[in-house]
Structure formats: structure tokens, C-alpha cells
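Visitor: Chain residues, written in single-letter form:
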Amino acid sequence: AQRVTQPEKLLSVFKGAPVELKCNYSYSGSPELFWYVQYSRQRLQLLLRHISRESIKGFTADLNKGETSFHLKKPFAQEEDSAMYYCALSGLGTKTSGSRLTFGEGTQLTVNP
Amino acid sequence: GAVVSQHPSRVICKSGTSVKIECRSLDFQATTMFWYRQFPKQSLMLMATSNEGSKATYEQGVEKDKFLINHASLTLSTLTVTSAHPEDSSFYICSARTAPYDEQYFGPGTRLTVT
Numbered sequence: 001a002q003r004v005t006q007p008e009k010l011l012s013v014f015k016g017a018p019v020e021l022k023c024n025y026s027y028s029g030s031p032e033l034f035w036y037v038q039y040s041r042q043r044l045q046l047l048l049r050h051i052s053r054e055s056i057k058g059f060t061a062d063l064n065k066g067e068t069s070f071h072l073k074k075p076f077a078q079e080e081d082s083a084m085y086y087c088a089l090s091g092l093g094t095k096t097s098g099s100r101l102t103f104g105e106g107t108q109l110t111v112n113p
Numbered sequence: 001g002a003v004v005s006q007h008p009s010r011v012i013c014k015s016g017t018s019v020k021i022e023c024r025s026l027d028f029q030a031t032t033m034f035w036y037r038q039f040p041k042q043s044l045m046l047m048a049t050s051n052e053g054s055k056a057t058y059e060q061g062v063e064k065d066k067f068l069i070n071h072a073s074l075t076l077s078t079l080t081v082t083s084a085h086p087e088d089s090s091f092y093i094c095s096a097r098t099a100p101y102d103e104q105y106f107g108p109g110t111r112l113t114v115t
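The listed protein sequences correspond, in order, to chains A and B.
Numbering-wise (my numbering), the first sequence opens with residue 1 and increments by one.
Numbering-wise (my numbering), the second sequence opens with residue 1 and increments by one.
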């Protein structure tokens with residue numbers, strides 16, 4: 001079974017402060033991890049995926065298989081980063097689970113001026 | 001970039017009636033579309049996976065006779081909520097992708113209210 005846990009429903013930081021959104025997962029196979037973002041009144045969109053190892057809008061996330069975590073980090077938060085962030089998991093290399101996304105509960109990030 | 005649309009964006013229907021929601025990929029061919037359901041302040045829950053030209057695969061606990069999914073073309077999938085009840089009121093979101101392990105592109109969602 002696939003499971004994604006985001007322990008913080010709400011996270012509030014000040015502009016310029018570092019931010020870390022936590023994500024832990026459980027999956028017996030080889031996972032692919034994603035972060036999706038949903039800005040106010042907009043659709044869900046992909047922020048980054050661990051396979052591409054990109055930094056998008058200053059955000060990075062490292063897959064830690066030992067700790068089964070994929071925390072999202074940004075060294076200096078901006079007000080425009082305020083949004084709902086979802087961590088998601090998909091299984092790699094399997095016919096049935098390879099395309100299914102399992103989402104965490106989401107973390108509402110608020111960056112205060 | 002790839003765009004997915006949903007229609008309608010909001011619908012209100014009476015209990016016992018059926019309602020159809022459309023999901024379209026506007027500028028790409030979607031071999032697979034996914035339907036999710038999202039309750040207020042909760043996460044997205046996958047309801048079913050729809051492959052073009054074949055029957056949808058439903059997640060455990062999702063009634064296939066209640067949530068009818070049709071994926072007749074590479075750009076259109078429909079979700080029909082049959083004999084809707086107030087507990088079916090929710091936000092329904094579709095996503096689409098072109099190939100396995102490609103990025104999923106999400107629609108804006110459809111707010112269904114059953115009175």
C-alpha cells in the first residue's frame with residue numbers, strides 16, 4: 001500500500017525566513033515522489049519531482065530513502081509562495097501502481113510580510 | 001503547456017438525478033485520465049483510472065455503477081454521477097497524461113452540490 005503523510009496542515013513563516021514542508025511516505029517498492037502546489041483559486045500544478053532533481057522557484061526536495069522522507073525546502077520564503085502544497089507518491093516499475101498518485105493531506109503555507 | 005479543462009465548473013442537482021462532468025485535454029492526446037475526489041480541507045483521493053478505449057479501473061471502495069466513466073477519445077473523458085445523493089457533494093478533479101510516468105496535468109475541478 002502507498003501512503004503519504006504531511007504532518008503539518010498549516011505552516012506560517014515570515015518573508016525571507018527559511019521554510020520546510022515535511023513529507024513522509026511508506027511504500028514497499030521503488031517510489032517516485034512529487035510536490036504539487038495549488039495557489040489560491042488555481043488548479044493543482046506540479047512543482048517538482050525527485051527524479052528530475054530540479055530546483056523550481058527556489059524550492060528543492062531530496063528523497064531520503066532511509067528516513068522515507070521528501071521534505072520541501074526553500075531558504076528564503078516569499079509572499080507569493082503562499083499556497084497549498086501536496087506531497088504525492090507514485091510507484092516506479094510496476095504496471096498497476098506506476099501511474100497512480102497518492103497524495104498527502106496537504107500543508108497550507110502562509111508567508112507573512 | 002498542456003491544458004486540461006473541465007465542464008461544468010459548478011453544478012447543482014437534485015437528489016436522485018444524474019450529472020455528467022467532462023474532462024478534456026485541449027492541446028495533447030491523453031492516453032490516460034484520472035478522476036479524483038476532494039472533500040473540503042482534505043486531500044485528493046483517486047477514484048478511477050481511465051484509459052482510452054478500455055474500461056476504467058476503479059479504486060477500492062468506489063462504486064463503478066454509481067460513478068460511470070467513459071474515455072471514448074484521446075481528448076475526452078466523462079464522469080457521470082448516477083442517482084446522486086447529498087453525500088456525493090464534493091469537488092471532482094480530473095487529470096490527464098500522455099504516457100506512463102509522464103507528468104499528470106490537472107483540470108480546474110468541478111464543484112458538485114446535490115440538494
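If you are wondering where the hints come from, they were derived from the structure by calculation, not from laboratory data.
For every residue, glycine included, the Cβ atom is placed at its ideal position computed from N, Cα and C.
Please note that a few of the clues may not be correct.
Said to hold, decoys possible - Here are a few chain A residues that face chain B, going by a calculated C-beta distance under 7 Å:
#1 Gly16
#2 Arg43
#3 Leu47
Claimed, not checked - Here are the simulated lysine to aspartate or glutamate pairs, EDC-like style, with alpha carbons at most 16 Å apart:
#4 B:Lys41 with A:Asp62
#5 B:Lys41 with A:Glu20
#6 A:Lys9 with A:Glu20
#7 A:Lys22 with A:Glu80
#8 B:Lys20 with B:Glu59
#9 A:Lys57 with A:Glu8
Visitor: Does each hint hold? Answer for all of them.
Guide: How the hints compare with the structure:
1. The beta carbon of Gly16 of chain A is not positioned within 7 Å of any beta carbon in chain B (closest approach about 29 Å), and the interface hint is therefore violated.
2. The criterion of a C-beta within 7 Å of any C-beta in chain B is met by Arg43 of chain A, whose closest approach is roughly 5 Å, and the hint holds.
3. At about 11 Å, the closest approach between the beta carbon of Leu47 of chain A and any beta carbon in chain B exceeds 7 Å, and the interface hint on this residue is violated.
4. Note on Lys41 of chain B and Asp62 of chain A: the hinted pairing is violated, with a Cα-Cα distance of about 27 Å set against a maximum of 16 Å.
5. Using a Cα cut-off of 16 Å, the hinted pair Lys41 of chain B and Glu20 of chain A is violated, with the two alpha carbons roughly 21 Å apart.
6. Taken as a hint, the Lys9 of chain A and Glu20 of chain A pair is honoured in the structure, with Cα atoms around 13 Å apart against an allowance of 16 Å.
7. Proposed proximity of Lys22 of chain A and Glu80 of chain A is contradicted: the alpha carbons are some 19 Å apart, above 16 Å.
8. Restraint check for Lys20 of chain B and Glu59 of chain B: not satisfied, since their Cα atoms lie roughly 20 Å apart, outside the 16 Å limit.
9. Annotation: proposed proximity of Lys57 of chain A to Glu8 of chain A is violated, straight-line Cα distance about 21 Å (limit 16 Å).
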